[in-house]
Amino acid sequence: MTESGGAPGGRGRLTPVAPPAAAPLTPEALLAAVARGDEAAFARLYDATVPRVYGLVRRVLRDPAQAEEVVQEVMLEVWRTAARFEPARGSATGWILTMAHRRAVDRVRAEEASAARVLRVAAATVDVPYDDVVDRATGRLERQQVRHCLDALTDLQREAITLAYYGGHTYREVAALLDAGLPSIKTRMRDGLIRLRDCLGVEVSR
Amino acid sequence: MTDIHTLAGAYALDALDELERAAFDRHLRECAACATEVAELREAAARLADPTWSVPPPALRDRVLADIGRTRQVGPELPRPARRGAAPRWRRFAAAAAVVGLATAGGAAGAFAWQQRELRQERAVLAATRAEAARMQAVMTAPDARVHGGDLAGGGRITVVVSARENLGVVVLAAPPAEAGKVYQYWMLDGARPVSAAVLASGEHHSTRVLAGVQGMESFGVTVEPAGGSPTPSLPVRAGIPLV
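From first to last, the protein sequence lines stand for chains A and B. With the UniProt record's numbering applied, the first sequence corresponds to residues 1 to 206, in that order. With the UniProt record's numbering applied, the second sequence corresponds to residues 1 to 244, in that order.
No lab work stands behind these hints, which were simulated from the structure alone. Just so you know, even glycine gets a beta-carbon here, dropped at the ideal spot from N, CA and C. Any given hint could be a false lead.
Unchecked claim - Per label pair, the in silico range of CB-to-CB distance:
(1) Ala134(B) <-> Ala176(A): 41 to 51 Å
(2) Ala176(A) <-> Arg21(B): 14 to 24 Å
(3) Pro242(B) <-> Arg172(A): 44 to 54 Å
(4) Ala176(A) <-> Asp190(B): 45 to 55 Å
(5) Ala180(A) <-> Arg21(B): 18 to 28 Å
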């Protein structure tokens, strides 16, 4: 999207004019540029999204070293498959996070039986942000909004959703952990997410 | 709301096991309303990453940026031929589904009924796969297992392991794809006339199959036939392998 805001004549130019470094491009615009092989756009997209990607993956895996591996894989996948992103199906950030979450969950399940993971989870401390200062300065409102919306769910909805999303558990495992029936957990996950969606004002243009 | 549809929340949270995930993925391709709902639920779920916000070590950035410098990008996904694209997969499942007595949807059966059966059929496929693996193991570990093999005219290789004691054979094919609209078919000959042993699915050219009733068979043959197979082998025979 290096041409956004440019003069109509700019389209025919052979050398693209670089936008000012501070131009506030959306993740979607950056991703579109990445799809065309723009490495600088990728670096900016990385900076814009990686704290959430890393935070999420680390939360699920509970292991910073493994989290880094997975984030590296995910970001490489973003680069590789940027052209496959379909804006009609959601935001660029959502696309990346969906990919990250799935990979993290896949890895957790692959080593589910390993004693190492049990030990790691047991030993894991509460999440401490790597850079607490930046953490506090950025995205605070969004985080508060999510917490607020999570609080608005029923206990069962919230527990079912967080055990699945942050814990990487299947709904069967969640049902066992919460001592609830499968149909009830399926339903709570769905209506809980619907409530979350409405509370957060999430929209997907189609 | 079909039964499978209630899994939308669990799906958006990646809380389905692999089998259910695969079934739901296919369901999504056929149900536009579900796709919209799932897209929204996914988007909402992704927002759950917000409170986890945490900056990774800067060295990770360097590694990733170095990575992309040597990684080729893929092109956009071209529009896939709608609906009918599922046909080859369907045919593969049909055999396994028939084994456990599930109704197999014929060409005229509606997609709706098919969707509802997807999950059960996936399970049937899994059960059939396990049974097949057990039979394969029986052949491979049989004390009288004998390995035969040969090259295919036109490229590729076929390996046949038979155990008369188990009355089973394992056939491994590694060959180029059959010509457009054609499939590989296996035959067994007991001296009198060739009997069809298996018709491979369209596009199946790297394949491992278990064949029953190998006892007394003198040779094994491979031909290329129109999709669905032929009652008698068409010439030329791609491979003929003596089993005795």
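Hints, verified against the model:
Taken as a hint, the range 41 to 51 Å is violated for the pair Ala134(B) and Ala176(A), whose Cβ atoms sit roughly 29 Å apart. Between Ala176(A) and Arg21(B) the C-beta distance comes to about 19 Å, which sits within the given range of 14 to 24 Å. Checking the proposed 44 to 54 Å range against Pro242(B) and Arg172(A) shows it holds: the Cβ atoms sit about 51 Å from each other. In this structure the hint that Ala176(A) and Asp190(B) lie 45 to 55 Å apart at CB holds, the actual value being about 54 Å.
Checked against the given bound of 18 to 28 Å, the beta carbons of Ala180(A) and Arg21(B), roughly 21 Å apart, stay inside it.
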